[in-house]
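Protein chains: 2
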Amino acid sequence: MTHTVISSHSRELVIGFDRPFCIIGERINPTGRKKLAAEMAADDFTTVEADCLAQVAAGAHMLDVNAGIPLADEPAILAKTIKLVQSLTDLPLSIDSSIVEALESGLDAYQGKALVNSVTGEEERLEVVLPLVKKHGAAVVAISNDETGISEDPDVRFEVAKKIVHRAMDFGIAAEDVVVDPLVMPIGALGGAGKQAFSIIRRLREELGVNTTCGASNISFGLPNRHALNAIFLAMAAGAGMTSAIMNPLHDEEMTGIMSADVLLNNDLDCRKWIRKYRQPSPEGHAGSEGGRRERRRRRG
Amino acid sequence: MTHTVISSHSRELVIGFDRPFCIIGERINPTGRKKLAAEMAADDFTTVEADCLAQVAAGAHMLDVNAGIPLADEPAILAKTIKLVQSLTDLPLSIDSSIVEALESGLDAYQGKALVNSVTGEEERLEVVLPLVKKHGAAVVAISNDETGISEDPDVRFEVAKKIVHRAMDFGIAAEDVVVDPLVMPIGALGGAGKQAFSIIRRLREELGVNTTCGASNISFGLPNRHALNAIFLAMAAGAGMTSAIMNPLHDEEMTGIMSADVLLNNDLDCRKWIRKYRQPSPEGHAGSEGGRRERRRRRG
Numbered sequence: 001m002t003h004t005v006i007s008s009h010s011r012e013l014v015i016g017f018d019r020p021f022c023i024i025g026e027r028i029n030p031t032g033r034k035k036l037a038a039e040m041a042a043d044d045f046t047t048v049e050a051d052c053l054a055q056v057a058a059g060a061h062m063l064d065v066n067a068g069i070p071l072a073d074e075p076a077i078l079a080k081t082i083k084l085v086q087s088l089t090d091l092p093l094s095i096d097s098s099i100v101e102a103l104e105s106g107l108d109a110y111q112g113k114a115l116v117n118s119v120t121g122e123e124e125r126l127e128v129v130l131p132l133v134k135k136h137g138a139a140v141v142a143i144s145n146d147e148t149g150i151s152e153d154p155d156v157r158f159e160v161a162k163k164i165v166h167r168a169m170d171f172g173i174a175a176e177d178v179v180v181d182p183l184v185m186p187i188g189a190l191g192g193a194g195k196q197a198f199s200i201i202r203r204l205r206e207e208l209g210v211n212t213t214c215g216a217s218n219i220s221f222g223l224p225n226r227h228a229l230n231a232i233f234l235a236m237a238a239g240a241g242m243t244s245a246i247m248n249p250l251h252d253e254e255m256t257g258i259m260s261a262d263v264l265l266n267n268d269l270d271c272r273k274w275i276r277k278y279r280q281p282s283p284e285g286h287a288g289s290e291g292g293r294r295e296r297r298r299r300r301g
Numbered sequence: 001m002t003h004t005v006i007s008s009h010s011r012e013l014v015i016g017f018d019r020p021f022c023i024i025g026e027r028i029n030p031t032g033r034k035k036l037a038a039e040m041a042a043d044d045f046t047t048v049e050a051d052c053l054a055q056v057a058a059g060a061h062m063l064d065v066n067a068g069i070p071l072a073d074e075p076a077i078l079a080k081t082i083k084l085v086q087s088l089t090d091l092p093l094s095i096d097s098s099i100v101e102a103l104e105s106g107l108d109a110y111q112g113k114a115l116v117n118s119v120t121g122e123e124e125r126l127e128v129v130l131p132l133v134k135k136h137g138a139a140v141v142a143i144s145n146d147e148t149g150i151s152e153d154p155d156v157r158f159e160v161a162k163k164i165v166h167r168a169m170d171f172g173i174a175a176e177d178v179v180v181d182p183l184v185m186p187i188g189a190l191g192g193a194g195k196q197a198f199s200i201i202r203r204l205r206e207e208l209g210v211n212t213t214c215g216a217s218n219i220s221f222g223l224p225n226r227h228a229l230n231a232i233f234l235a236m237a238a239g240a241g242m243t244s245a246i247m248n249p250l251h252d253e254e255m256t257g258i259m260s261a262d263v264l265l266n267n268d269l270d271c272r273k274w275i276r277k278y279r280q281p282s283p284e285g286h287a288g289s290e291g292g293r294r295e296r297r298r299r300r301g
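Chains P and D supply the protein sequences, listed in that same order. When we follow the numbering used here, the leftmost residue of the first sequence carries the number 1, and every step to the right adds one. When we follow the numbering used here, the leftmost residue of the second sequence carries the number 1, and every step to the right adds one.
Derived by calculation from the structure, the hints in this document are not laboratory data. Treat the hints with care, as some may be off.
Same chains, same names: a pair is fine if it fits in one copy or spans any two.
[As the list claims (entries may be wrong)] Listed below are the simulated SDA-like cross-link pairs for lysine to any residue, each with C-alpha atoms no more than 25 Å apart in a straight line:
| id | residue 1 | residue 2 |
| --- | --- | --- |
| 1 | LYS34 | GLU123 |
| 2 | LYS35 | SER87 |
| 3 | LYS195 | ARG205 |
| 4 | LYS113 | ASP153 |
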């Protein structure tokens with residue numbers, strides 16, 4: 001059984017097929033958030049702090065930290081943000097940047113075993129990011145595109161993922177420390193995007209035995225009622241073998257979808273988390289059970 | 001590709017992996033509904049009529065009709081109910097009884113190709129129900145239990161289903177006219193019930209190539225927030241290969257789950273049904289697309 005272990009200074013998190021689905025909070029990211037970007041560039045971490053605490057309270061298992069601000073000193077800001085976040089929570093972090101110097105500075109600042117987000121299949125990226133991951137004993141998100149771009153052919157994307165896993169092993173990184181992102185396309189543009197994702201996720205699980213993640217909200221790009229679609233996508237992806245997602249834990253629908261999937265995949269022991277969250281107090285203290293019994297008699301009466 | 005064709009006098013419905021998930025409305029069933037049972041026994045079909053029209057309006061693709069009332073003349077009432085329902089809607093029907101005489105009377109009254117609900121794997125049931133199905137050119141729901149009861153071993157349940165499919169073929173019924181119900185257990189009592197169901201459904205699809213159905217609400221028996229759990233179960237089961245369910249189409253959460261699964265499995269062409277149902281009018285007429293574009297830029301910025 002594949003277990004990707006990520007840790008902070010005082011807490012360990014295991015991503016695996018037999019574990020609750022891992023929710024990686026995506027909020028600490030200035031990309032597309034002007035106010036947050038301006039704050040972080042001006043050494044003001046008020047919003048970072050609020051986003052951190054809100055995501056912890058909402059039930060995130062890990063937090064993604066990104067400091068990608070144009071023209072700013074990303075390595076320094078990322079390191080500072082990571083130190084701040086680690087002072088606020090003991091959740092493990094995912095260190096998110098497309099700039100190698102920023103990843104390096106983030107890893108230097110981080111206490112524990114981080115998840116590096118991310119490396120793609122381009123040879124020049126593999127050669128700079130993987131040694132860094134190895135040096136820090138970290139795990140890494142592998143995105144299944146390469147020099148040729150993002151293929152629409154799921155077999156090509158699977159092969160790119162496989163290549164990254166094998167290259168990581170060449171650098172001394174265990175396959176279980178590679179978490180593959182199969183790249184989810186918007187289904188409004190590409191009708192087969194869901195089936196494609198489920199099929200790649202299943203192959204990654206069955207053939208490579210690796211954990212997987214994705215930016216789930218991409219699936220519903222451009223469509224109405226996105227949260228409902230995201231929630232069902234997350235659950236169906238979990239059913240196909242996906243073990244984590246980079247997402248907004250403040251969205252109730254998505255969180256309920258994931259909690260349901262945990263129940264249905266037997267990763268919520270005795271449905272305890274589900275019952276704790278949704279139980280309504282009743283005079284008898286057994287909410288729902290009588291109604292359930294009646295219904296059971298009805299079906300196949 | 002397996003297609004189970006069910007029809008009324010004027011309308012054909014195809015159940016299949018490449019078709020929208022088939023919603024079989026379960027409401028016309030007096031079991032556990034005292035008022036409805038009393039009405040039907042007294043030749044009053046007011047509630048039947050209302051249940052029929054409400055389910056049609058809610059988007060059911062087929063209606064299940066059951067007239068199981070203790071001490072009543074079930075064959076006569078079932079025939080009458082079927083005639084009434086067929087006068088109100090052209091949706092195809094599922095004829096639901098555990099009494100062979102009632103199935104026979106229902107089939108005699110029915111115009112079109114019905115779905116007979118159901119036959120189990122007990123030899124004496126197979127020998128009376130299957131010839132009836134063949135004689136009327138109907139399709140049949142095969143429930144995967146037999147003389148030994150309902151096994152908790154999914155392999156045993158799969159084997160029972162396989163036996164019924166083969167026995168049906170012995171009687172001249174095509175495999176595509178057998179829709180298997182793998183029997184969904186309550187997950188509150190049996191933590192592996194979800195994984196078990198998904199695994200049997202997948203095997204039924206991949207190894208036997210048959211369509212499947214189930215009474216979906218059983219999964220959440222005894223638990224709080226049942227509709228959310230049912231909705232996610234239905235979608236995950238569809239992801240594993242389930243193609244229909246006997247359910248209450250008046251429940252919005254379950255219906256949204258199924259509509260999402262249709263989108264994600266590419267069985268809602270160009271997301272048309274989804275967009276029609278959830279689109280919000282906006283001044284530009286392109287609700288959500290700007291937000292989506294922003295988000296796309298953000299991820300992997």
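Hint-by-hint comparison with the structure:
For the identical chains of this complex, LYS34 and GLU123 are neighbours neither inside a copy (33 Å) nor across copies (70 Å), given an alpha-carbon limit of 25 Å. When the C-alpha separation of LYS35 and SER87 is checked against a cutoff of 25 Å, the pair qualifies only within one copy, where the shortest distance is 23 Å, while the shortest distance between copies is 62 Å. When the C-alpha separation of LYS195 and ARG205 is checked against a cutoff of 25 Å, the pair qualifies both within a copy, at 15 Å, and between copies, at 16 Å. Taking CA atoms no more than 25 Å apart as the test, LYS113 paired with ASP153 passes in neither setting, with 34 Å inside one copy and 41 Å between copies.
Hint check: violations occur at hints 1 and 4; the rest are consistent with the structure.
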